[in-house]
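**Student:** Kindly generate the complete structure, drawing on both the sequences and the hints.
The listed protein sequences derive, respectively, from chains A and B. Sequence positions in the first sequence follow UniProt numbering and run 1 to 195. Sequence positions in the second sequence follow UniProt numbering and run 1 to 195.
Treat the hints loosely; a few may be bogus.
One-sided and incomplete, this derived list gives chain B residues near chain A with beta-carbon spacing under 10 Å [said to hold, decoys possible]:
no., residue
1, Phe35
2, Leu138
3, Glu141
Quick look at which bits of chain A chain B covers, simulated, 3 or more residues with Cβ under 8 Å [as the list claims (entries may be wrong)]:
no., region
4, 98-112
5, 121-128
6, 139-149
7, 157-169
8, 177-187
Calculated directly from the structure, the hints in this document are not laboratory data. Even for Gly, the Cβ is constructed at its ideal location relative to N, Cα and C.
Number of protein chains: 2
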Amino acid sequence: MTKTSPAPDQLRPAGRATRAAIEAAARVLFADRGFEGASVRAIAAEAGVDPALVIRHFGSKEALFLRTVDTSLGIGSVIEGPLETVGRRLVAYFLDPALPGLRKRFVALAQAAHHDQVREEMVRHTAETYVAPLVPRLTGEHRELRAALAVAQLAGLLNLLFVQEDPIVSGADPETVIAIYGDAIQRLLTPESAA
Amino acid sequence: MTKTSPAPDQLRPAGRATRAAIEAAARVLFADRGFEGASVRAIAAEAGVDPALVIRHFGSKEALFLRTVDTSLGIGSVIEGPLETVGRRLVAYFLDPALPGLRKRFVALAQAAHHDQVREEMVRHTAETYVAPLVPRLTGEHRELRAALAVAQLAGLLNLLFVQEDPIVSGADPETVIAIYGDAIQRLLTPESAA
DNA sequence: GTCTATAACCAGATAGAC
DNA sequence: GTCTATCTGGTTATAGAC
Chain A
1 MTKTSPAPDQ LRPAGRATRA AIEAAARVLF ADRGFEGASV RAIAAEAGVD PALVIRHFGS
61 KEALFLRTVD TSLGIGSVIE GPLETVGRRL VAYFLDPALP GLRKRFVALA QAAHHDQVRE
121 EMVRHTAETY VAPLVPRLTG EHRELRAALA VAQLAGLLNL LFVQEDPIVS GADPETVIAI
181 YGDAIQRLLT PESAA
Chain B
1 MTKTSPAPDQ LRPAGRATRA AIEAAARVLF ADRGFEGASV RAIAAEAGVD PALVIRHFGS
61 KEALFLRTVD TSLGIGSVIE GPLETVGRRL VAYFLDPALP GLRKRFVALA QAAHHDQVRE
121 EMVRHTAETY VAPLVPRLTG EHRELRAALA VAQLAGLLNL LFVQEDPIVS GADPETVIAI
181 YGDAIQRLLT PESAA
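**Tutor:** Put into structure tokens, the structure is as follows:
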């Protein structure tokens, strides 16, 4: 097993600075080039340190990724809004071109999802951040399942949009996509409010 | 640029045999270990040839992947069935544990989707095999968009199920998932037949 | 010419000695 | 903290065998 990296507080000033530099570089490069595209060497170079130090501090590339990349994509506030309109608001949030780096961060996450450690953390995080807050607000049967499926459905759109870059959806009128797909998600969450 | 590999018909017997051996090995290993997990070297070893030959014959690992892995997951016949029940039938198809290798093939595809050549081919193939046959059978507005979104929604489930291996959905009663999610897909395709 | 094999190159992740 | 070494992986150069 990998030796656990020292906790930040035990490090001397130089160590803390190095660690911070690596984290900053990793944040930039992972977002910019994705998980595979950002090499440990490149991150080290960007931070001005030796590649081996990266591993020494964080244990592995995977662990570094988990420490630096925000696995939530910032939709917490969207989910907390009015339940009756959450479907459309979620879709609208991701179709908003004013959110720079969102695409790249999603792609980085999707790539990294194939690594066990990252995948497990993502599942845990999704359950905790997306599904759990929704469940108590739902009514009817299979509340947890429906919340999980709604999140999955949203992920399907993001995949089409950001990974596949499908021309049909990318080229469609955003309002139309929001209406059609948003309502579809909404019906999973609040079936009784069907239009 | 890479020199184009020779067309199969121009090869001499020895070449054709080698090519076939590589293809067979690639099919097995890609399905078994995914795109990243199956190294060119491992494929070559399995085929009993030199790694360099793999590239010589197929140009690149990506190209080999495209030649050997079935990008359709065999849902053609499902889509061709009755339109009014296609949503549930699609979900049921993928929840059927009797289809061995389905999960692994999907994971391999998902991994390889991050490579440009493969991604483009997948988009093209999806449009041609899934979306195109559906569109003329739909009625109402935004038929192409709705078909694309339905496919995306299905992909979301597959991702949750096969990549994330989410315990909520994996542990849920298949019939319930089929009903809830299948109907959600169905409503994108035939909104008028809402239950 | 058309294969095939050997070696080599370059990049990546990580372990271990200092 | 740093550097070097090792291992694995994709790919290319090149020269020999058919």
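**Student:** For every hint, state whether the structure bears it out.
**Tutor:** These are the hints, each one checked on the structure:
{"no.": "1", "hint": "Phe35", "result": "9 Å, holds"}
{"no.": "2", "hint": "Leu138", "result": "12 Å, violated"}
{"no.": "3", "hint": "Glu141", "result": "8 Å, holds"}
{"no.": "4", "hint": "98-112", "result": "holds (count 3)"}
{"no.": "5", "hint": "121-128", "result": "holds (count 4)"}
{"no.": "6", "hint": "139-149", "result": "holds (count 6)"}
{"no.": "7", "hint": "157-169", "result": "holds (count 10)"}
{"no.": "8", "hint": "177-187", "result": "holds (count 5)"}
The earlier numbered hint that this structure contradicts is number 2, and it is the only one.
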